[in-house]
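K.L.:
Residues per chain are reported as follows:
Number of protein chains: 2
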Amino acid sequence: MAALYDVAAIGNAIVDVLASADDAFLKAEQLDKGSMRLIDEARANDLYSRMASGVEASGGSAANTIAGVASLGGRARFVGKVATDTLGKVFTHDIRAIGAHFDTQPLTASPATGRCLINVTPDGERTMCTFLGAAVRLTPSDVTPAIADAEILYLEGYLFDPEEARAAFAKAAATARAASRTIALSLSDAFVVERHRAALLAFIDAEVDLLFANEAEVCALFQTDFEAAVAAARGRVKIAAVTRGPRGSVVVANGANIKVAAEPVVRVVDTTGAGDQYAAGFMIGLASGRPLQDCGRLGSIAAAEVISHFGPRPQTRLKDLAAAKGF
Amino acid sequence: MAALYDVAAIGNAIVDVLASADDAFLKAEQLDKGSMRLIDEARANDLYSRMASGVEASGGSAANTIAGVASLGGRARFVGKVATDTLGKVFTHDIRAIGAHFDTQPLTASPATGRCLINVTPDGERTMCTFLGAAVRLTPSDVTPAIADAEILYLEGYLFDPEEARAAFAKAAATARAASRTIALSLSDAFVVERHRAALLAFIDAEVDLLFANEAEVCALFQTDFEAAVAAARGRVKIAAVTRGPRGSVVVANGANIKVAAEPVVRVVDTTGAGDQYAAGFMIGLASGRPLQDCGRLGSIAAAEVISHFGPRPQTRLKDLAAAKGF
Numbered sequence: 001m002a003a004l005y006d007v008a009a010i011g012n013a014i015v016d017v018l019a020s021a022d023d024a025f026l027k028a029e030q031l032d033k034g035s036m037r038l039i040d041e042a043r044a045n046d047l048y049s050r051m052a053s054g055v056e057a058s059g060g061s062a063a064n065t066i067a068g069v070a071s072l073g074g075r076a077r078f079v080g081k082v083a084t085d086t087l088g089k090v091f092t093h094d095i096r097a098i099g100a101h102f103d104t105q106p107l108t109a110s111p112a113t114g115r116c117l118i119n120v121t122p123d124g125e126r127t128m129c130t131f132l133g134a135a136v137r138l139t140p141s142d143v144t145p146a147i148a149d150a151e152i153l154y155l156e157g158y159l160f161d162p163e164e165a166r167a168a169f170a171k172a173a174a175t176a177r178a179a180s181r182t183i184a185l186s187l188s189d190a191f192v193v194e195r196h197r198a199a200l201l202a203f204i205d206a207e208v209d210l211l212f213a214n215e216a217e218v219c220a221l222f223q224t225d226f227e228a229a230v231a232a233a234r235g236r237v238k239i240a241a242v243t244r245g246p247r248g249s250v251v252v253a254n255g256a257n258i259k260v261a262a263e264p265v266v267r268v269v270d271t272t273g274a275g276d277q278y279a280a281g282f283m284i285g286l287a288s289g290r291p292l293q294d295c296g297r298l299g300s301i302a303a304a305e306v307i308s309h310f311g312p313r314p315q316t317r318l319k320d321l322a323a324a325k326g327f
Numbered sequence: 001m002a003a004l005y006d007v008a009a010i011g012n013a014i015v016d017v018l019a020s021a022d023d024a025f026l027k028a029e030q031l032d033k034g035s036m037r038l039i040d041e042a043r044a045n046d047l048y049s050r051m052a053s054g055v056e057a058s059g060g061s062a063a064n065t066i067a068g069v070a071s072l073g074g075r076a077r078f079v080g081k082v083a084t085d086t087l088g089k090v091f092t093h094d095i096r097a098i099g100a101h102f103d104t105q106p107l108t109a110s111p112a113t114g115r116c117l118i119n120v121t122p123d124g125e126r127t128m129c130t131f132l133g134a135a136v137r138l139t140p141s142d143v144t145p146a147i148a149d150a151e152i153l154y155l156e157g158y159l160f161d162p163e164e165a166r167a168a169f170a171k172a173a174a175t176a177r178a179a180s181r182t183i184a185l186s187l188s189d190a191f192v193v194e195r196h197r198a199a200l201l202a203f204i205d206a207e208v209d210l211l212f213a214n215e216a217e218v219c220a221l222f223q224t225d226f227e228a229a230v231a232a233a234r235g236r237v238k239i240a241a242v243t244r245g246p247r248g249s250v251v252v253a254n255g256a257n258i259k260v261a262a263e264p265v266v267r268v269v270d271t272t273g274a275g276d277q278y279a280a281g282f283m284i285g286l287a288s289g290r291p292l293q294d295c296g297r298l299g300s301i302a303a304a305e306v307i308s309h310f311g312p313r314p315q316t317r318l319k320d321l322a323a324a325k326g327f
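Note that the protein sequences, when read in sequence, are chains A and B. Quick note: the first sequence uses my numbering, first residue 1, plus one each step. Quick note: the second sequence uses my numbering, first residue 1, plus one each step.
Some clues are possibly wrong.
When chains are identical, the list treats them as one kind, so a pair holds in a single copy or across two.
With a Cα cut of at most 20 Å, we get these calculated EDC-like pairs of lysine to aspartate or glutamate [what the hints assert, rightly or not]:
(1) Lys-33 x Asp-23
(2) Lys-319 x Asp-22
(3) Lys-89 x Asp-46
(4) Lys-259 x Asp-294
(5) Lys-171 x Asp-205
(6) Lys-89 x Asp-103
(7) Lys-319 x Glu-263
Treat the hints as calculated values from the structure; they're not laboratory data. Since we're looking at a predicted model, the values are computed, not measured.
Please build the complete structure, drawing on both the sequences and the hints.
P.N.:
See the structure below:
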């Protein structure tokens, strides 16, 4: 049955605080460059007090992907939990303003809306410390039958941490499966993979058609090197799309590896959201029936836009950008 | 006596919400492109509900200037009123994080921290609707004797609207005058000038050494054309610096007009904060005893940086940028 949406995503509803930092700051704060770490509210306030002047922008990995899907002209729906505070209102405004459907009930009690403190170093790398707050309070009751009304269900690996959210994933996957939808999962982070490898593999085997991962994540998942990990992914899901930063991506499907080049970028300003936008482009390609090579290229085009400026979501209409490149 | 600070500024403490818009949106909302309009909280919520996905960033005209002063390596102090809410905390964090001193007591009751809804059109022009909120509750008691501890006192013309804030200006000017400091005023907006022309002229005659204005503002002040307005300014203040967008600026002092070219910009993305940064560069030049031509050039360099990206404050360290250009 034709779906109302191209992509429905479930993920952490988060507002990003982006600030510039140097390597010495990361060292002083004992942060590993490029990593994502979960922190509590006290540590968030403490770290924030020492961070540089920032910019607040709606973020969240799958929510960024949904912004990309909408920017590419796709019909998108997002499920995630905010609180009824200022940042929650900002998140809600922004995701609706980009044209996505978002009607998850906000949390009226504490904790506050989640936020991700992102220190961006001059090399464009982002180091993230996330206070999940309300985001982690997503429960199966937030997943309604409407979740099946999208060609692709996209799940953010970060939500494998909280048990209730993982249960929400299971409910969403079962609902989508019953409607013969494509189920996609992003591994999100190598540490998520380390924490939940067995559960992730079981979920992938049972439910996942399309797996998104970067090099570190796919290697962590299969506890091996890149080539072997890609080979392992080939036997596990219908399609795997593995991103490799400036080296582009590898799409694995039907027993073959398709190499996709990265789109050239004049200057990498901030890599926040690169993987999220790659997934957006890829899924829009898939939902519109394009060959996998083109899906990967659309992913590369979307990723190139978001890393060329500060901030986690596209600032140029990706649909126009893609059209200018022949799509 | 040598001062602890280069610049102490009094202005509206505001958080900006920046979003892209097209001309049709401005028309539908009955907004004049490039203008600043005061709105109440209900209208702010209403307009926000129809604006595109945004980015939140600390703003406020004089506060942006202080950010520029600090970015240029200057010692800066800011006086302005926020509330004890999320946006107030963001504003406070950001201005302290850039290295400025800020200790104005926040408002513990309503109204909320002020915010400026900025719709940026593809031509880089910004159209602003400001809910002043707590900013307008600045009173003379917020101005302490420490205000005189800066070489230059910088006053934001927008604060001529509320009576209490205007009284705070008078107190600050008297305090600075007694310490033989330079007193600078930015006219802020042609509509501010229209509303308060007589009071502004009286204040300029009594207290102002250094006047910042753009073309529209100086013409509104003297109710005449550009050449005549510049001539009028010449007889009124020691120094007037009048900005003309891409046509650069004219610095009027000692009976002469000094023309300063605009700094070339590859692409104008968002003109928000151009005048604020010009003032920052100019005052840092003045505080370090440079010739007026160089003061203007430093203003142009700072303005060029801020209009080349989205957002009201510098994203590159202006001190390094100026050094690369021979300063």
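K.L.:
So, for every hint listed, does it hold in this structure?
P.N.:
Against the structure, the hints:
| no. | hint | result |
| --- | --- | --- |
| 1 | Lys-33 x Asp-23 | within (8 Å within a copy, 42 Å between copies) |
| 2 | Lys-319 x Asp-22 | between (34 Å within a copy, 17 Å between copies) |
| 3 | Lys-89 x Asp-46 | between (24 Å within a copy, 13 Å between copies) |
| 4 | Lys-259 x Asp-294 | within (11 Å within a copy, 53 Å between copies) |
| 5 | Lys-171 x Asp-205 | within (16 Å within a copy, 72 Å between copies) |
| 6 | Lys-89 x Asp-103 | within (12 Å within a copy, 28 Å between copies) |
| 7 | Lys-319 x Glu-263 | within (16 Å within a copy, 33 Å between copies) |
Hint compliance for this structure: every hint is met.
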